[in-house]
Amino acid sequence: MTEKRIRVLIAKPGLDGHDVGAKVVARALMDAGFEVIYTGLKQSAEEIARAAGQEDVDVIGLSVLSGSHLPLCRTLKGKLEEQELGDKLWIVGGNIPRRDHDELKKLGVAAVFATGTTTETIVSFVRENVV
Amino acid sequence: MKFENESGIEIKSVYTPEDVTATGGDDGIGRPGQFPFTRGIHEQMYRKRPWTMRQYAGFGTPEETNERFHYLIDNGQTGLNVAFDLPTQMGLSSDDPMAEGEVGRVGMAVDTLEDFEIAFAGIDLDEITVSLTINGAAVTLIAMYFAMAEKRGYDLSKLRGTAQNDILKEFVGRGTWVFPVEPSIKLVGDTIIYCAENVPKYSPVSVCGYHIRESGASPAQEMAYAFLIAKAYIDHVLARGMSVDDFASRLSFNFDIYGNLFEQVAKFRAGRRLWAKIINDDYHAENPRSAWMRMIAGGGGGGLTIEQPENNIVRGAYYALISALSGTQTMALCSYDEAYTIPSEKAARVSLRTMQILIEEMGLCDTVDPLGGSYYVESLTNQMEEKIRAVMKDVDRGGGIVKSISEGYIQAAVSRQAYENVRKIERGEIRKVGVNCFQVEEETPDVEFHPFRDEDRDKQVRRLERVRSERDGTRAERALGKLLDTAKAGDNVMPAVIEAVKSYATVGEITSCLVEVYGRYKEPIRF
Numbered sequence: 001m002t003e004k005r006i007r008v009l010i011a012k013p014g015l016d017g018h019d020v021g022a023k024v025v026a027r028a029l030m031d032a033g034f035e036v037i038y039t040g041l042k043q044s045a046e047e048i049a050r051a052a053g054q055e056d057v058d059v060i061g062l063s064v065l066s067g068s069h070l071p072l073c074r075t076l077k078g079k080l081e082e083q084e085l086g087d088k089l090w091i092v093g094g095n096i097p098r099r100d101h102d103e104l105k106k107l108g109v110a111a112v113f114a115t116g117t118t119t120e121t122i123v124s125f126v127r128e129n130v131v
Numbered sequence: 001m002k003f004e005n006e007s008g009i010e011i012k013s014v015y016t017p018e019d020v021t022a023t024g025g026d027d028g029i030g031r032p033g034q035f036p037f038t039r040g041i042h043e044q045m046y047r048k049r050p051w052t053m054r055q056y057a058g059f060g061t062p063e064e065t066n067e068r069f070h071y072l073i074d075n076g077q078t079g080l081n082v083a084f085d086l087p088t089q090m091g092l093s094s095d096d097p098m099a100e101g102e103v104g105r106v107g108m109a110v111d112t113l114e115d116f117e118i119a120f121a122g123i124d125l126d127e128i129t130v131s132l133t134i135n136g137a138a139v140t141l142i143a144m145y146f147a148m149a150e151k152r153g154y155d156l157s158k159l160r161g162t163a164q165n166d167i168l169k170e171f172v173g174r175g176t177w178v179f180p181v182e183p184s185i186k187l188v189g190d191t192i193i194y195c196a197e198n199v200p201k202y203s204p205v206s207v208c209g210y211h212i213r214e215s216g217a218s219p220a221q222e223m224a225y226a227f228l229i230a231k232a233y234i235d236h237v238l239a240r241g242m243s244v245d246d247f248a249s250r251l252s253f254n255f256d257i258y259g260n261l262f263e264q265v266a267k268f269r270a271g272r273r274l275w276a277k278i279i280n281d282d283y284h285a286e287n288p289r290s291a292w293m294r295m296i297a298g299g300g301g302g303g304l305t306i307e308q309p310e311n312n313i314v315r316g317a318y319y320a321l322i323s324a325l326s327g328t329q330t331m332a333l334c335s336y337d338e339a340y341t342i343p344s345e346k347a348a349r350v351s352l353r354t355m356q357i358l359i360e361e362m363g364l365c366d367t368v369d370p371l372g373g374s375y376y377v378e379s380l381t382n383q384m385e386e387k388i389r390a391v392m393k394d395v396d397r398g399g400g401i402v403k404s405i406s407e408g409y410i411q412a413a414v415s416r417q418a419y420e421n422v423r424k425i426e427r428g429e430i431r432k433v434g435v436n437c438f439q440v441e442e443e444t445p446d447v448e449f450h451p452f453r454d455e456d457r458d459k460q461v462r463r464l465e466r467v468r469s470e471r472d473g474t475r476a477e478r479a480l481g482k483l484l485d486t487a488k489a490g491d492n493v494m495p496a497v498i499e500a501v502k503s504y505a506t507v508g509e510i511t512s513c514l515v516e517v518y519g520r521y522k523e524p525i526r527f
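Respectively, the protein sequence lines represent chains B and G.
Take 1 as the starting number for the first sequence in our numbering and just add one per residue.
Take 1 as the starting number for the second sequence in our numbering and just add one per residue.
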């Protein structure tokens with residue numbers, strides 16, 4: 001019996017150069033048996049949406065530490081809809097204040113994993129929420 | 001139970017003179033101010049002058065940043081350490097589409113020379129030395145600093161200051177690269193040569209182990225990679241016809257400090273000794289100052305936690321103690337809110353007071369290298385020196401540091417370690433107070449960013465538009481044309497960049513010129 005492996009895109013939008021967390025999460029997801037595509041730094045919303053479409057991923061994970069998560073996610077939402085990727089499981093991690101979590105969820109983000117979240121929490125969430 | 005430090009050295013229950021002998025003896029201890037400088041680069045160290053206190057600061061517009069600078073100086077700070085926003089660090093102007101949402105957010109926005117004139121107004125550049133935390137766009141921002149100083153009547157031949165300008169580490173951690181690896185090294189070489197010939201007291205490069213350690217390196221790897229990177233710059237400049245004594249004394253280092261106290265102190269003492277030997281043995285320097293490992297240390301963001309953030313004040317105090325016990329030249333102490341933001345005014349003041357308490361109340365300046373002669377510290381210093389050497393040898397065997405970074409191997413090695421460290425913290429194998437032990441029920445306070453204001457961005461963009469329309473357009477155009485030609489010819493670009501900033505060319509215009517010639521870096525994805 002073979003099951004299709006869950007495919008995850010981990011992306012670094014904008015100009016933020018902090019990639020330790022993104023790479024840690026990418027590796028944790030790989031260790032959990034998922035296929036992971038990491039974009040590298042400084043991706044525009046357009047590039048992220050294109051990569052998500054081309055790689056046919058189930059999950060889009062964004063990592064933002066600079067504080068620009070709201071404008072970046074607003075732009076990305078539009079690009080994902082243009083590419084008809086609005087139904088993908090979208091998660092955001094990094095340095096994200098609690099007061100912004102609701103706003104992000106309104107944009108379509110399924111879960112926000114702020115600094116301090118364990119890798120197990122992220123792995124379980126992905127496993128349980130990919131349909 | 002086995003005791004082992006992060007660099008993989010086993011720690012014994014007690015140390016005796018035999019341990020010092022067994023690890024290489026005490027010949028290398030020497031005296032402060034004398035080769036190989038294990039105990040410090042100066043004979044009198046802090047008795048003559050305490051370390052420079054240089055807290056990281058900068059946000060929003062140049063006006064706001066100028067206010068913060070004056071606040072810090074009024075509170076006893078003795079140097080400035082300038083934070084730039086991400087567009088500036090990437091060489092973009094504030095009206096670039098990629099700058100959206102980022103103008104003034106994690107540092108000060110800079111577009112033209114006018115911004116520097118505002119930011120440093122009323123600050124005596126002889127009295128207060130300025131450090132620019134800039135890498136990918138370093139040539140432009142260093143040029144602005146020189147142009148601003150010259151305009152205010154300072155003599156460049158006497159001007160002091162520092163630029164971070166260590167691009168190779170940006171490819172490993174921090175990520176504010178613009179150009180591919182080879183032209184990036186060439187630009188660092190341009191600044192070193194220009195300074196050696198025209199601004200000889202300026203420190204054009206501060207080689208950073210710091211960010212490599214923050215990306216997952218062990219303390220021994222941190223030092224080894226930094227030394228290899230420094231050697232890559234030295235080799236490049238030597239190949240362009242300079243001699244080592246023309247510039248080596250103006251190179252400095254920026255190191256991380258979190259971790260085991262004794263391992264850190266030994267790391268710095270061993271590093272100082274090893275760097276002196278490298279400069280003497282590999283490069284045959286004649287000026288003793290060429291062999292000085294001058295450093296800034298006091299940051300350790302990776303050691304701080306978002307949980308129970310007040311504990312970070314205590315961690316910061318220990319970091320400052322380590323730095324003082326290690327003979328640092330400058331401290332930029334990480335503030336308690338550094339786990340999530342650029343320092344607030346209050347956090348910056350607490351850090352400043354932490355250092356002032358060490359100087360005024362704790363006797364840290366009374367004698368030089370107070371831990372010197374401890375059997376433990378001397379044994380560990382010997383062992384750390386060997387560890388650092390071993391890492392350097394490994395990288396050299398693998399084709400050298402430039403190749404290892406270009407192909408992403410160093411990045412892969414440190415990011416794997418970062419992951420292993422996270423897993424060890426999650427499993428409780430590495431203890432982290434407030435994170436996996438001694439947690440409290442109370443909710444972690446919410447992240448407080450420096451407030452981002454659209455008005456700041458609008459104000460900055462309006463000024464940029466005004467400067468662009470008021471400047472002598474022909475002069476700016478000519479200067480940019482000359483820069484393009486100089487870059488194409490492979491000559492030192494610094495004089496042309498200085499002329500361009502003097503003509504009020506923008507950060508974005510200058511970067512575009514250089515991108516046209518050098519292209520852009522493409523990141524190898526390895527982790």
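These are computed hints drawn from the structure, not numbers from a lab.
No residue lacks a Cβ here, since even glycine has one placed at the ideal position from N, Cα and C.
Worth double-checking, as some hints may not be accurate.
[Said to hold, decoys possible] Here are some, though not all, of the chain G residues that point toward chain B, as calculated from beta-carbon distances under 7 Å:
| no. | residue |
| --- | --- |
| 1 | L86 |
| 2 | T176 |
| 3 | P180 |
| 4 | V181 |
| 5 | K459 |
[Stated by the list, open to error] Pairwise CB distance ranges, derived in the manner of DEER restraints:
| no. | chain 1 | residue 1 | chain 2 | residue 2 | range |
| --- | --- | --- | --- | --- | --- |
| 6 | B | T121 | G | R353 | 53 to 59 Å |
| 7 | G | P17 | B | R98 | 33 to 39 Å |
| 8 | G | P451 | B | E84 | 23 to 29 Å |
| 9 | G | Q356 | B | M30 | 45 to 51 Å |
| 10 | G | P17 | B | E120 | 33 to 39 Å |
| 11 | B | Q54 | G | R475 | 30 to 36 Å |
| 12 | B | N129 | G | T16 | 58 to 64 Å |
| 13 | G | E386 | B | D56 | 32 to 38 Å |
| 14 | G | E429 | B | N129 | 53 to 59 Å |
| 15 | G | D366 | B | T121 | 32 to 38 Å |
| 16 | G | R160 | B | Q54 | 23 to 29 Å |
| 17 | B | E120 | G | T16 | 44 to 50 Å |
Evaluated hints:
no. : hint                         : result
1   : L86                          : holds, 4 Å
2   : T176                         : holds, 5 Å
3   : P180                         : violated, 14 Å
4   : V181                         : violated, 15 Å
5   : K459                         : violated, 18 Å
6   : B:T121 to G:R353: 53 to 59 Å : violated, 38 Å
7   : G:P17 to B:R98: 33 to 39 Å   : violated, 56 Å
8   : G:P451 to B:E84: 23 to 29 Å  : violated, 36 Å
9   : G:Q356 to B:M30: 45 to 51 Å  : holds, 48 Å
10  : G:P17 to B:E120: 33 to 39 Å  : violated, 49 Å
11  : B:Q54 to G:R475: 30 to 36 Å  : violated, 47 Å
12  : B:N129 to G:T16: 58 to 64 Å  : holds, 59 Å
13  : G:E386 to B:D56: 32 to 38 Å  : violated, 50 Å
14  : G:E429 to B:N129: 53 to 59 Å : violated, 29 Å
15  : G:D366 to B:T121: 32 to 38 Å : violated, 50 Å
16  : G:R160 to B:Q54: 23 to 29 Å  : violated, 52 Å
17  : B:E120 to G:T16: 44 to 50 Å  : holds, 45 Å
Hint violations for this structure: numbers 3, 4, 5, 6, 7, 8, 10, 11, 13, 14, 15 and 16, all remaining hints satisfied.
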